[in-house]
Amino acid sequence: MKGKVKTVKVDYLARVEGEGALYIKVKGNEVLDVKFKIFEAPRFFEAFLRGRKYYEVPDITARICGICPFAYQMSSVHAFEDAFGVRVEGPLRELRRLFYCGEWIESHALHAFLLHAPDFLGYDDALRMAKDHPDVVKKALFVKKVGNDIMIRLGGREIHPVSVCVGGFYKVPTKRQVEAMREDLKRGLDLSIELLRWVADLKFPDFEQDYEFVSLRHPDEYPFNEGRIVSNKGLDIPIREYEDNFVEEHVPYTNALQSYIKGRGSYMVGPLARINLNYDKLWDRTRDTLKSIGFKVPCRNPFKSIIARCAEIVYSFEEALRIVDEYKEPEKPKVDYEVKAGRGYGCTEAPRGSLYHRYDVAADGTVLSARIVPPTAQNQKRMEDDLRAMALSVMKLPYEKAVWRFEQAVRNYDPCISCATHFLRLEVDRS
Amino acid sequence: MAGKVPRIAVYKFASCDGCQLSIVDLEDELLEIGQRFEIAYFMEVTRAARKGPYDVGLVEGSISTPHDVELIKSIRKDCKKLVTIGACATAGGIQALRNWANVEEFSKYVYAKPEYVQTLEKASPVSEYVQVDFELRGCPVNKYQLLELLSALLAGRKPNIPTYSVCMECKRKGNVCVMVAKGIPCLGPVVQAGCGAICPTYSRGCYGCFGPMESPNVKSLATRFIDLGMNKKDVILTFRGFTGWSKEFREVDGLIEG
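Which chain is which? The protein sequence lines are A and B, in order. According to the working numbering, the first sequence is numbered sequentially starting from 1. According to the working numbering, the second sequence is numbered sequentially starting from 432.
Since the hints were derived computationally from the structure, they do not count as laboratory data. Wrong hints could be hidden among the right ones.
[Said to hold, decoys possible] With a Cα cut of at most 27 Å, we get these calculated DSS-like pairs of lysine-lysine:
1. A/K27 / A/K4
2. B/K602 / B/K650
3. A/K145 / A/K186
4. A/K131 / B/K435
5. A/K340 / B/K613
6. B/K613 / A/K332
7. A/K35 / A/K25
8. A/K53 / B/K613
9. A/K171 / B/K604
10. A/K25 / B/K544
11. A/K332 / B/K602
12. A/K9 / B/K504
13. B/K482 / A/K9
14. A/K171 / B/K512
15. B/K678 / B/K512
16. B/K678 / B/K504
17. B/K604 / A/K332
18. A/K175 / A/K334
19. A/K145 / A/K171
20. A/K334 / A/K53
Taking the hints into account, I'd like the entire structure generated from these sequences.
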């Protein structure tokens, strides 16, 4: 084997949530090593959830991630509702969707414009980008603020909202309180369309892979809270069969488990996967804008995930406005249910992708076991596969540019490292 | 510090990211913060990392690995002022629940190969390892208190952060007391204000994000919970949450009779 050994090392990856590192080594025409390492400290959520009460779980799991706390609340709430046999319908279900719109908007706007867009234009950060592109950054900050405002109005605060509980909410907003959001949502919708057009004009590296995309799919709606887990390669299962189809392994250099689909390998979750699998469920203005910028599904270029992310912002504004228009105050803030012993499964679509929870609960509501698989753990193997696939061509770039390109490729996935590190599971060899 | 542009560094230890995210959630003020401060080190926001020394270090997260211990000591040397932000950095955070358990068993429960995982027996507040100049409470911090802190740093004055209880905020909001009227256990009487009494506003009891107020009467409140019909185990769980490892809440089991 001939050729010089070249390595790229990034000890602390910037503009992602949490602490991660990259290591890539090639020699001649061979990629010797690719690692996306997570060195964030373990926090042991699944261990200390045992012995807590089921009603404490949504508030505790929220603390896994300050960027997508509502997703953690929702996946746990749905898992307990599954265990207790509770169905939440009507306006309460609509409020959950509205809440999710808020979280997608704030999280996607943060990632797309403050963390990811600077890569495409060669800025170290969005503050520096704002000097040359003040309009874009200001529009993005407004959009992000409207997303956070939904969270505040429905949950008291944008990070770790306090209104969510099993069966519904501790308290629900009045019709008037919900309608008060309308004007900002309309303005946010217009601005988000402008922002979607803006990202479509960025320069995208030429890179495509034959991905297996995975997300929820629901017969009537773009997926937030419910649906079946599907893929473009034939997967179509109910949530409770997740663990029969996905496996995780613990590798030595990372504090997170890596997921793969049994018998196939790595897969992608998140906005690009969702939009490829659920394009037909988008609302008109989102689809029309995507058509006008020439975005077609399936899109297999991960650098274009920023387009999918911005399209989901537009969708979230459209969906939020629909809910605001149709909202009727529920008779009760939560449905009645009986606590009983059992096992429950929940999977919802966090901004970064599918988030799976499973709990065993005792008859008095005490948690007996917990299992959580965050989106970043699911994407981790896929991120490494991307880095491996592009390593030889990227290594031909000047060193600084190569480092930056690898970083950008990881940011395509909007990794949330705080999430990924905490949820590793005990048994690996189930088969 | 008045007059010059202070160099600021933001660090993360074991945490959810929510407290440093609160800086970025100041959407209306963010661009001006970027002008008033030199953001010299803030990995979540920028890949341009400048070397210390820094005028101010903001630290999120609790100290929970051998590496954290070394790092926080070197950060202390790099920063003229060190401010901890949030429940993890000031009280150990939710991951401090391990402090009552066997961390080896935890590691085996969560990880397939616990031998790959390096961790300390306890997750601790930053102040257990280095001197801290100011602590901003909350899970997460209140972003407007964070803004007050930044303004105070610019002006070279002490931040104006109240240390009275959540009850004060709750009364000012005109809420009906959830404990008196509905018998819902609420930590408000012993927890520091700062959140705006949001939990009672949403018809539920305070669960302690901002940690103990100045001179809290923990025993009296714990006894009241027992009188409301809670068993001792549930009373302990109520205190043992996001700020459970704070000095005043840590010993609650010894304060309850029975």
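Against the structure, the hints come out as follows:
| no. | hint | verdict |
| --- | --- | --- |
| 1 | A/K27 / A/K4 | holds (5 Å) |
| 2 | B/K602 / B/K650 | holds (22 Å) |
| 3 | A/K145 / A/K186 | holds (13 Å) |
| 4 | A/K131 / B/K435 | holds (21 Å) |
| 5 | A/K340 / B/K613 | holds (25 Å) |
| 6 | B/K613 / A/K332 | holds (17 Å) |
| 7 | A/K35 / A/K25 | holds (9 Å) |
| 8 | A/K53 / B/K613 | holds (20 Å) |
| 9 | A/K171 / B/K604 | holds (16 Å) |
| 10 | A/K25 / B/K544 | holds (26 Å) |
| 11 | A/K332 / B/K602 | holds (26 Å) |
| 12 | A/K9 / B/K504 | holds (25 Å) |
| 13 | B/K482 / A/K9 | holds (19 Å) |
| 14 | A/K171 / B/K512 | violated (41 Å) |
| 15 | B/K678 / B/K512 | holds (23 Å) |
| 16 | B/K678 / B/K504 | holds (22 Å) |
| 17 | B/K604 / A/K332 | holds (23 Å) |
| 18 | A/K175 / A/K334 | holds (17 Å) |
| 19 | A/K145 / A/K171 | holds (23 Å) |
| 20 | A/K334 / A/K53 | holds (18 Å) |
Hint 14 alone, counting from the list given before, is not met by this structure.
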